[in-house]
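2 protein chains.
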Amino acid sequence: MLIIKTIAEIKNHLVPKKNAAQKIALVPTMGALHDGHLALVKKARELAEIVVVSIFVNKSQFNDLNDYEKYPRQIDSDLEKLKTCGVDYVFLPSDEEIFSQDFSVKITPTNLVNCLCGAFRAGHFDGVALIITKLFNIIKPDVALFGQKDFQQVAVIKKLVTDLNFDVEIFAHETVREKTGLAMSSRNQRLDEMSFAKAAIIYQILFEIRNEIKISPESVVKILSEKKEKLLKNGFEKIDYLEIRDERNLKLITNFIPSQPARILIALYLSKVRLIDNLQI
Amino acid sequence: MLIIKTIAEIKNHLVPKKNAAQKIALVPTMGALHDGHLALVKKARELAEIVVVSIFVNKSQFNDLNDYEKYPRQIDSDLEKLKTCGVDYVFLPSDEEIFSQDFSVKITPTNLVNCLCGAFRAGHFDGVALIITKLFNIIKPDVALFGQKDFQQVAVIKKLVTDLNFDVEIFAHETVREKTGLAMSSRNQRLDEMSFAKAAIIYQILFEIRNEIKISPESVVKILSEKKEKLLKNGFEKIDYLEIRDERNLKLITNFIPSQPARILIALYLSKVRLIDNLQI
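Going down the list, the sequences are from chains A and B. Each number in the working numbering comes from the position in the first sequence (counting from 1) with 9 added on. Each number in the working numbering comes from the position in the second sequence (counting from 1) with 9 added on.
If we strip away everything but chain A, and leave its shape as in the complex, we get:
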């Protein structure tokens, strides 16, 4: 496993692989790796001959500077974890390597971004689109892997790939979960033991909603409202959203039609940590 810190060097390594028609998979991460990331790496290993994991905490996608500063950074243990997973290259650039001092371009997805996390995190998906465009141009992967936990992110990136004509297949991996059912996230580290246990209710509630909506498809609004109340009673501080949306276009669903591919999506705060999750109906 080679650890590479500059764009020039990773390009030098990958050009001969590309020329030899070896398939390259990219797993873009912000580090603080958990089993969700490692599942992506394992899948990448199946899909391609060369596996590149990038670790870069991309400031441009943080709307909240405090969240950026508190984002866990633990490169040494990240590298330890990756060593056992058959990774070929870890791309570990500095901030300056990715964003030069006179960096001056913005990429703005204009669809799919005005709801869910996009509505609560101003500029977040601009930052995501920017780093993904840069990483795709640097690594030139055949396939890139993302976790389904970030459902809206995957949708936005798929649209970006189509709109900007990237030759990259986007693989969305099912969400990997703690034993309690809590979706794995680097931010889970910031939960104390009690909050960590309490957070398990999120996934339970997604299941409850799914079951109840299948029984009463016309009661979407009422069901969601009751579940929000339950979450707040259980000590969650703030719910950014708890909604059902069409998986194809993220349009809001207030009357569930079984033939429609729908998903329940949630974002909420516990102990000042923002958690997200989603479940297909």
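Don't read these hints as lab results, they were simulated from the structure. Here the structure is a predicted model, which is why all the values come from computation and not from measurement. Check each hint, because a few of them may be wrong.
For identical chains, the list gives no copy identity; a pair is met inside one copy or between any two copies.
Unchecked claim - Below, simulated DSS-like cross-link-like pairs (lysine-lysine); rule was C-alpha separation at most 25 Å, straight line: (1) K167 - K14; (2) K242 - K167; (3) K90 - K51; (4) K239 - K92; (5) K115 - K68; (6) K68 - K20; (7) K68 - K237; (8) K231 - K51; (9) K52 - K247.
Got chain A sorted already, so can you dock chain B onto it with the hints?
Using the frame of chain A, we list chain B on its own:
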């Protein structure tokens, strides 16, 4: 010379060339080809094994819908001209092929664009950055060629290539001129005979400015002011700008220092046609 109208087809043709390590040159055009374009093609032929010319009137870079509608379109004669120049592929997509109905991403260069044409043509360079990003992803050229007449455009594209990490060399070809000295442009077709003759003064004035500034480097403001007056007296309707700027960063120069790489840039209207030109000092 193959004429190809779809993204899928041009990609299919170029992938094996790429895999065989053949160098690809791209000449992006909006058609209405003149000897300036053909000089780019000739240079492309020297620089690469495969020459692709794209013809696409990119609506997204027109700030003025009237200008877009009046932009000359003459595909048949364009293709005739290209046939004699050793072009391998003409990429001739429809509007819908490039911009699907639900197309939804914006690219905004934020540096170098707030002056010169960028100040007068709102959104122009967003449109340029977008089509160039898409063409680079579709064609994957090793080198792309542009005319130096569009000096600011070349600067913006070079910055885009750096900022988004494209592996494309940008070749800026010197401006090709009519016998009268007028910079070749597809828009020149819209000048009647008299205006065409009159437009020759633009290049003469750029030369006058260069000579006078070399003699009186402290008199930049005065010299430019006199030349603007002279142009208006000669029947030009409106001058968007006549300025001297640093070639490296497009910063305005009001006191010329001989060691500084400087360029005189002009945009003005004659018979309602917008003409631009520039000259290195």
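key: Status of K51 relative to K90 across identical chains (alpha carbons, at most 25 Å)   = within (12 Å within a copy, 53 Å between copies)
inquiry  = At most 25 Å between alpha carbons: which applies to K167 and K14, within, between, both or neither?
reply    = Only across copies: K167 and K14 sit 24 Å apart there, 27 Å inside one copy, limit 25 Å.
message = Reference check for the pair K68 and K237, CA-CA at most 25 Å: within, between, both, or neither?
response = Result: close neither inside a copy nor across copies, 31 Å intra and 46 Å inter.
query = Which holds for K68 with K20 at a C-alpha limit of 25 Å: within a copy, between copies, both or neither?
reply = Classified as within; 23 Å inside a copy, 34 Å across copies.
task = Can you give me the call for K242 and K167, within, between, both or neither, at a CA distance of at most 25 Å?
result = Neither, since 37 Å and 56 Å both go past 25 Å.
query = Given a CA cutoff of 25 Å, do K239 and K92 count as a within-copy pair, a between-copy pair, both, or neither?
reply = neither (43 Å within a copy, 72 Å between copies)
query = Can you tell me if K115 and K68 fall within 25 Å by alpha carbon in one copy, between copies, both or neither?
reply = Answer is both: 14 Å inside a copy and 20 Å across each meet the 25 Å cutoff.
ask   = For K231 vs K51, is the C-alpha pair at or below 25 Å within one copy, between two copies, both, or neither?
value = Answer is neither; intra-copy 41 Å and inter-copy 69 Å both fail.
query = Taking 25 Å as the upper bound on the Cα-Cα distance, should K52 and K247 be classified as within, between, both, or neither?
reply = Neither way: K52 and K247 sit 35 Å apart in one copy and 62 Å across, limit 25 Å.
Checked against the numbered hints given earlier, the structure breaks hints 2, 4, 7, 8, 9 and satisfies all the rest.
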